[in-house]
Structures are given as C-alpha cells and as structure tokens.
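In the order they appear, the protein sequences are chains X and F.
Counted the way numbering that gives the first Met the number 0 counts, the first sequence spans residues 0 to 299.
Counted the way numbering that gives the first Met the number 0 counts, the second sequence spans residues 0 to 254.
Among the clues, some could well be false.
[What the hints assert, rightly or not] Here chain X is said to cover these stretches of chain F; the calculated rule only asks that three of the stretch's residues, wherever they fall, bring their Cβ under 8 Å from a Cβ of chain X:
{"id": "1", "region": "12-22"}
{"id": "2", "region": "96-107"}
{"id": "3", "region": "214-222"}
Bear in mind the hints are in silico, worked out from the structure with no lab data behind them.
Please read all numbers here as calculations on a predicted model, not as lab measurements.
Just so you know, even glycine gets a beta-carbon here, dropped at the ideal spot from N, CA and C.
As a plain string of letters, each chain reads:
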Amino acid sequence: MCKRFGGKPAVADLDLEVPAGVCFGLLGPNGAGKTTALKMIYGSALPSAGRVLVFGMDVAREPRAVRRRLGVTLQENALIEALSPRDNLRVFGRYHLMSEPAIEQRIGELLEFLELRSHADLPVQALSGGFQRRLSIALSLLNRPELLILDEPTTGLDPAVRLSLWERLRALRAGGATILLTTHYMDEAERLCDDLAIVAHGKVVARGAPRELIASLLAPQALELELPAARHGALLNNLHSLRHAASGDRLTLYAKDAAALLDAVRRAESADAAELVSVRPTNLEDVFLALTGAHLSDGD
Amino acid sequence: MRASLPYALAVWRRNFALYQRTWKLNILPNFFEPVLYLLAMGVGVGAYITEMGGTSYIAFLAPGLVAVAAMNGASFEVTYNAFVRMNFEKTYESMLTTPIQPEDVLAGEILWATTRATLYGGCFLLIAMLWGLVTPLHALLALPITPLAGLLFAAIGIAFSLRIPSIDLFSFYFTLFLMPLFLFSDVFFPLEERLQGAWIYVAEALPLLHPVRLMRSAFQGTWSPVLLWDLAYVLALSALLLAIAARVTRRRLMA
Ligand SMILES: Nc1ncnc2c1ncn2[C@@H]1O[C@H](COP(=O)(O)OP(=O)(O)OP(=O)(O)O)[C@@H](O)[C@H]1O
Ligand SMILES: [Mg+2]
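Working from the sequences, and respecting the hints, build out all of it.
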C-alpha cells in the first residue's frame, strides 16, 4: 500500500504479510509512516494506491466487518476526561453494540486484567498518564479482538507496569490473538515480537525475527568506546575499518570476537585516549541505528 | 456508506453520558435565559409597546425566543463542541477504530444536537407556559417544532464545521450569520411589515423565519397555508445540507 499527503508520500510501497497468531513489531524513526500504515490497516485512512486485506477481507470495502474483530490503541489517548474509566469503557462497549450485561462483565474482567480497579471510578482527568494509557489499552480489548493494533502502547509507562503489560500481551497472544504494535523501545521489540519490520521513509528496510535480524546484519558483539570524535578516523584506520557506528564521542565497534578486538584496540596507538565503556552482545538498537540512523558508516 | 441507526445511537449515547454528568449545571442557564429575555424585552421594552402582531409585545416575543433557544442549543453542539471532538479530543478518531463509520458519527451528532435543541427550547417553552404566555395545549403543539428548528440548525452548522480549517472561524458564523438571523427573523418585530415589494420574498430565504412562524402559530393556535411552506422549507433545507455533509464527512474524518 501507498499513502500520499498532498503529493508527499508518508507510506511508499509498503508490502507486508503478517501471519495470524504472532506478535509483529513495526519499527521506524519518527515520521517513518508507522501510524499512517496502521490507520490503513484498520481502515480509518484509505490507501492512495494498493489495498489492505485483514482476515481475508478488503478493509476499504468492509470496514465494519473487519473492525468488529479488531481493537486499536491509538498513539495518543482519546479518552473522555470528565468520565471515569468505568464509564469510558461503557461508552466504548456501546460503539461495538455490546449488550449492557456483556459490557458490565467485560469491564470487570478488564479492570482486573490491567489492574485499573483501584481507579475505576475516578474521573480520567485525575489519573496519572500511566493509568490513562492502561485505560486506552483496555478500551481496545473490550470486544475480545482477534487482531490487536497497538500504536506505541507502552509510552509513558513505568518499568514495572511495562513488564506487566508485556506479560498481558503474551497471554493474549497465547490465547490466539494476533498483535501488531509499534514501539520506539528496542528492548521491548526484541523481547516481545516474534517478527518485525523496520520502516524508514515509508518503506520496509528490514524484516525478520529480532535475533535473525541482528545476526544477519551485524557481528554478534559490540564494543563501546568513548574517544574524541576527531580521532575516530585514525583508530578505524588502525583497525582496518571494521563495521562501526558513531554518535558524538561514542564509538561502537562490531566484531565476532570482542576479546580479540579489544586487544587490537589496546595495541592501537590512536586509541590511547580511548575509554572502554562496555562490551556487550549486539542488540536490536544497533541494527535500528545502523539501518535508520544518520551516523552510520559502513566498513569495507 | 449509509448511516446505521444503532451505531448512530452509540454516538448519541456518548454525548448523553457526558451530559448526564453535568446536566444540572448545564440546564440551569437554560431556565435563566428565557426569564431574563422575557423580563428585559417583554416586560421592559414591552411597557412602551401597546401591541405587536395583534398581541401584547411579550406574547409576540415568546414563541420567537423559543425557536431561537432551539437554534442556539443545536448550533453550539455542531460548531464548537463538534469541532473540539473532531480536532482536539480525537473523539471521532477513536470511534473510527470501532465498526462506527463517518456517516454514523454524523447521524449521531445531528441526533444529539437536535436533542439539545429540544431540551433548550423545551425549557423555554415551560417558562413561557408558567408565565401564562401559552396554554398547555398550545405548548404541546409547539413542542415538536423545537426539534425541527434544532435539526435545521444542526444541519446548517455541521455543514459549516466540516468545511472550516480553524475554530476561530466560528466567531464569524455566530456574529455574521446567527446574530442577524436572531435580529431579523420575526422574533422582535414582524419582518414583512417593514419590507416592501420583492424584498418580502427575498426574506423567505432566512432560515430562522420559518421555525419562528411555525412556533408563533402553534402558540396562538392559528393555521394558515404558509405554514406548509415553512415546514417544507425546514425539511428540505435540512435534508439538502445533511446530504452535502454526508459527502464531506468521510473525507474530513478519514485521512
Ligand atoms: N493527516 C496528515 N496530513 C498530512 N501529513 C500527514 C498526516 N498524517 C501523517 N502525515 C505525515 O506522514 C508522515 C508519516 O507520519 P506517521 O504519523 O505515520 O509517522 P510515524 O512513523 O507514526 O511517526 P512517530 O514515530 O513520530 O509516531 C509524516 O511526515 C507526517 O507528517
Ligand atoms: Mg506514530
């Protein structure tokens, strides 16, 4: 699919197939087109070209039938501030034409599931950002969706709440739901997603399971150094230009064998001012920055 | 796509749920406003006017003000309130994550604005009745005219709201459109007695004129064939504007 706003492409030729039952991550820098892509998937934006099939149906043709079976957490909360979480859930349940007893029962379950019960009857405007976010997620679960679309669900959540939300999402997936999420937290994507796509400028630039992506794109170990940026070039020359990333004075080198690389760095004259920050396994953030960051340069 | 009544009612119920929270505060001004108008205009100004349109000035004034109350009740909902829901509170964006379609949102909002108009006009009508300006029987006859006036101004307002880029433009709508209607639509004086020649027919284009005439006839329990024209005008213009709004709403609510 393809989406242009006034001639400017927000999503350009995005071609994706996501199997049912997985947790799929859509990653990409700000403005990459993630939110726009999600909107086309649940049918609140129409593609400028191409089409989207959800549950085998063309969402532009059968939006009601598709949206009955999915749930969406928007990037920005859209709650009724003057009403309580319970009332927000009631209103939303009616959007799905659920019966009143079914709504009440489901509200009970969701207040439990997202640990909202203690705040269920306060006006939303009195809740902290984290509670509001959890309420937004609860709204998207009211109709027991087969497909759950979450646009940056954990933004603004504290680490403990985030961990517990990951647990909940795993439970939903175990129950058969398909999850499609965007996030700017690479650790989250790495731990939660079975499969992911990295998009930049509206195109998929990488696709695969987090571990596979890392293994296929970068060496398994990363060495982080602090060294004045002016001297990065000399050191890289000494090391025969291996794959690296730089951001300010921070230089990250990628290698199969970090111990051997560390020896080489220590022997290099140009590195006498270098301070070792860490030796660690290469992670998804390295891959993300390598694919989308401005500071990337490629060794030979 | 065509609107579906159950989904439109879900949209209506969203607004109603919010109104239920605050109705006690919201409804009070609806009672004060008529009292203030009737005191200042009816009793105050009316003291200097022996009769207008064959009745006391206050009795002339009351039906027009009921229609104006309905107009205002509907207008605020479909202008400022709908604009905020659309652009700032992202209410419609969140509705469009459910099976609700843009046309359902439109239908629900129009129903709601019509409801507010009926509440608003109904309060005024009640005060007028308690004041002795209309008999209970004639008030009952007048009541269904408030949703008609509400529907008309909901349709006009939403057609405007869906087209404008900025909330600031509503001040034009209120001061350059609704305000002149309020002043020149038979509410304060019989317009046709002040007009000559072809202007009498030109004035028939004013939307508020028709609900006011219907309302006044209901208050007085009189009948004339021109009321059929008034009714036809209200229904036809509402239908036309809603058809236009229905075309725009999908483009406006969906990216
Ligand atoms: N309604 C719109 N009108 C015009 N341009 C838009 C509209 N919505 C999005 N865009 C543009 O499309 C591009 C992609 O935006 P989008 O919100 O999809 O990015 P994103 O990947 O979700 O970014 P973020 O990580 O910041 O949420 C941006 O350049 C944005 O300015
Ligand atoms: Mg986004």
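Structure-based check of all given hints:
1. Check result for the region 12-22 of chain F against chain X: holds, 6 residues qualifying (beta carbon to beta carbon below 8 Å, three or more required).
2. Only residues whose C-beta sits within less than 8 Å of a C-beta in chain X count toward coverage, and the region 96-107 of chain F has 5 of them, enough to reach three; the restraint holds.
3. With 0 residues carrying a beta carbon less than 8 Å from a beta carbon of chain X, the region 214-222 of chain F misses the three-residue requirement, and the given coverage is violated.
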